[in-house]
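Enquirer: Residue numbers (our numbering), protein chains in the order written: chain Z, 1 to 115; chain Y, 1001 to 1534.
Each hint should be verified, as a subset may be incorrect.
[Stated by the list, open to error] With a straight-line cut-off of 16 Å between C-alpha atoms, the simulated EDC-like cross-links for lysine to aspartate or glutamate are:
id: 1; chain 1: Y; residue 1: Lys1106; chain 2: Z; residue 2: Asp20
id: 2; chain 1: Z; residue 1: Lys87; chain 2: Y; residue 2: Glu1005
id: 3; chain 1: Z; residue 1: Lys31; chain 2: Y; residue 2: Asp1124
id: 4; chain 1: Y; residue 1: Lys1078; chain 2: Y; residue 2: Asp1174
id: 5; chain 1: Z; residue 1: Lys31; chain 2: Z; residue 2: Glu75
id: 6; chain 1: Z; residue 1: Lys87; chain 2: Y; residue 2: Asp1258
id: 7; chain 1: Y; residue 1: Lys1210; chain 2: Z; residue 2: Asp106
id: 8; chain 1: Y; residue 1: Lys1002; chain 2: Z; residue 2: Asp18
id: 9; chain 1: Y; residue 1: Lys1073; chain 2: Z; residue 2: Asp19
id: 10; chain 1: Y; residue 1: Lys1270; chain 2: Z; residue 2: Glu36
id: 11; chain 1: Z; residue 1: Lys108; chain 2: Y; residue 2: Asp1028
id: 12; chain 1: Y; residue 1: Lys1210; chain 2: Z; residue 2: Glu75
id: 13; chain 1: Y; residue 1: Lys1002; chain 2: Z; residue 2: Asp106
id: 14; chain 1: Y; residue 1: Lys1128; chain 2: Z; residue 2: Asp106
id: 15; chain 1: Y; residue 1: Lys1210; chain 2: Z; residue 2: Glu99
id: 16; chain 1: Z; residue 1: Lys108; chain 2: Y; residue 2: Glu1005
Just so you know, these hints were derived from the structure itself, not from any lab.
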Amino acid sequence: MPVIVREKAEKPFVPKPDDDLLVCRCEEVTKGDIREAVHAGLRTFGEVKRYSRVGMGLCQGQTCQRLVRHIIASELGIAIDGVGRVKGRAPMEPVIMKELALSRRDSKGVDDYAE
Amino acid sequence: MKRYEMIVIGAGPAGLSAACVAAEAGMDVVVFDENQRPGGQLFKQIHKFFGSREHQAGIRGVKIGENLLESAKNAGVKVVLGATVLGIYKNKELAVRFGGAVHNYKADAVVIAAGASENMMTFDGWTKPGVMGAGAAQTLMNLHGVRPGKRVLTVGSGNVGLVVSFQLLQAGCDVVAIIDAAPRIGGYGVHAAKLARMGIPFHTSHTIVKALGGDFVDGAVIAETDEAFAPKPGTEKNLDVDTICIAVGLSPMSRLADNAGCDIVYDGAKGGYVPLLSDEGETSLSGIFCAGDVCGIEEASSAMIQGKIAAAAAARDLGYLSGEDFIQKTGEYKDSLKKIRSGMFGPESKGRADIARTDEGYPLSRSLLQRGFIADDEVTGFPSIAHGGGTRAVIECTQNIPCDPCQDICPQGCIEVGENITSLPALTGNKECIGCGLCVGVCSGQAIFLINDDFEAGYGTVGLPYEFLPLPEKGAVGRALDRSGKEICDAVVVETVNSKAMGKTPMLVMKVPTASLAGARFFRADADGARKGG
């Protein structure tokens, strides 16, 4: 695990014309939000995610993760594989509470649930 | 907790193939798939697959999907649809949501065959209705029978972009242009050529800048790209489109493997983060295997073989397959996988821009790579485009791709690909063509034409694959188009051949002046010509 030194940028944040471009549609996070997060000292996808909620919506980053990684890499001037990924975590997608509450460890075979 | 000997995640080509092999070996197998229909992407693949007979070459994906489901049913595989695997925990315990509750199951072996997701790209207006992934357009057309739009711009010229563009044409849409940020077309030349001869323009080194319109797309702005694939100011062009189809690649859906704790690495050539695998498809965790696009983006043909290898390894580990049987079975699978991965578009050569010649030493058509069609002055150099008299096949297959059904189907043995299925087909020359047209119908790339220069004085015929409805009738009049889609002369349909062996790719035979035989490659019926009929 590399040691990440988080330092706030010394130079002021410079807005760009396409900062209002929507990148994460589920959580309505823009390119500018992501750039600002990097400017604030966040360096990996995981950090930017926790800061901005990017990739935390319905699709769980399936659409935007790659786009966000490219934005972070380009802001930092590093290769794409240096940005890291979001660790795959259960549940893979949002689950309604009722279904979780009905979670059971004594499930019968799938045949018993066939319609 | 209920235990299964094998749990497969994903009922696509890789998952179902794995399930079949395991079930046939005697294992108790269940497959979970979050979709409402099984088959993964196969039922959207209405085109014919490449490869050899063992890869079901020349057969449409949808038919391969049907066969696979049938085999799974016969083998006793249970497929649960609408079932999302939410997590994989220690000791191969899985939480699966279906039927309004979360169920927990334990597996002796897990095969993750979750496939891939479509890549998106951002540009001004990319969230407007009318901008969609190529896969989404395919779902609309081929699963739901809904036309995605009227006038389409395709962004991305890999095989997905090319195949979907052709299907859009089949569905009755206009494809206004196909653009690619790279300076060359990414997919098979034969797929590009099918579009170019219908007049579809390719703009390489171009990207999309903006989707125009208010609440929905009513235009697109494209621009030339520089070396860094960024748009060059001042080169913008407006296109009149209502649909923008994005085909810029796929990313492996490796997050379940990640969640399980498998070692994951970034591999740009494979499309992103992928699990580290043994050559049997086993991850760093014993008993958890991966197969298909989740391991790296490839074709359904290789996904099916990867699934079989993984399942055979699991069956061996659990005592359902002897070591000898495993070696024998997987030896065949591995040979088959090696074959389908060979050629200039295989995983090892993918994206290489430095290939200038075929394996045989013929210079690759530059025009094909840039404009989607072989230029007239490039045509004569290939082994199967020789000119002569009488009836003969002209095979415009000029790149080393793994495919050989033309060799198998010719009843006269006129066509030879040889042992190495990526070799360019050659005409054997010593056998007489009987003009049956089977090769025209079977060629997955629709690259074979049947030329007869002795039809009548001053005229010959060109037989061409024609996968559009309505099929023009004998006597229909129209214009012959050349490889670039340009009208070059009048043409009359003299025959259509549609035998069962041609797999629903009829051969349309048109009469053109002798001078146009070398160039005429498509038929466009006059507006009233098709109705007039014979």
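Enquirer: Does each hint fit the structure? Answer for all of them.
Expert: Here is what the structure says about each hint:
1. Restraint check for Lys1106 (chain Y) and Asp20 (chain Z): not satisfied, since their Cα atoms lie roughly 46 Å apart, outside the 16 Å limit.
2. For a cut-off of 16 Å, the pair hint linking Lys87 (chain Z) to Glu1005 (chain Y) is broken: about 28 Å separates their Cα positions.
3. Simply put, Lys31 (chain Z) and Asp1124 (chain Y) have alpha-carbon atoms about 12 Å apart, close enough for the 16 Å limit, and the pair holds.
4. Taking the CA atoms of Lys1078 (chain Y) and Asp1174 (chain Y), the gap is about 42 Å. The hint is violated against a cut of 16 Å.
5. With a C-alpha separation of about 11 Å, the suggested pair Lys31 (chain Z) and Glu75 (chain Z) falls inside the 16 Å cut-off, and the hint holds.
6. Restraint check for Lys87 (chain Z) and Asp1258 (chain Y): the C-alpha separation of about 7 Å stays at or below 16 Å, so the hint holds.
7. Of the supplied pair hints, the one linking Lys1210 (chain Y) and Asp106 (chain Z) is violated, its CA atoms being roughly 53 Å apart against a limit of 16 Å.
8. About 53 Å separates the Cα atoms of Lys1002 (chain Y) and Asp18 (chain Z), which puts this hinted pair outside 16 Å; it is violated.
9. About 52 Å separates the Cα atoms of Lys1073 (chain Y) and Asp19 (chain Z), which puts this hinted pair outside 16 Å; it is violated.
10. Distance hint between Lys1270 (chain Y) and Glu36 (chain Z) is unfulfilled; the C-alpha atoms sit about 31 Å from each other, more than 16 Å.
11. As the CA atoms of Lys108 (chain Z) and Asp1028 (chain Y) are separated by approximately 15 Å, the hinted pair is consistent with the 16 Å bound.
12. For the hint linking Lys1210 (chain Y) to Glu75 (chain Z), the alpha-carbon distance of about 22 Å lies beyond 16 Å, and the restraint is violated.
13. With a CA separation close to 7 Å, the supplied pair Lys1002 (chain Y) and Asp106 (chain Z) stays within the 16 Å bound.
14. Between Lys1128 (chain Y) and Asp106 (chain Z), the direct Cα distance comes to roughly 46 Å. Violation of the 16 Å bound is thereby established for this hinted pair.
15. Only pairs whose Cα atoms come within 16 Å are accepted, and Lys1210 (chain Y) paired with Glu99 (chain Z) is rejected, the gap being roughly 42 Å.
16. For a cut-off of 16 Å, the pair hint linking Lys108 (chain Z) to Glu1005 (chain Y) stands: about 15 Å separates their Cα positions.
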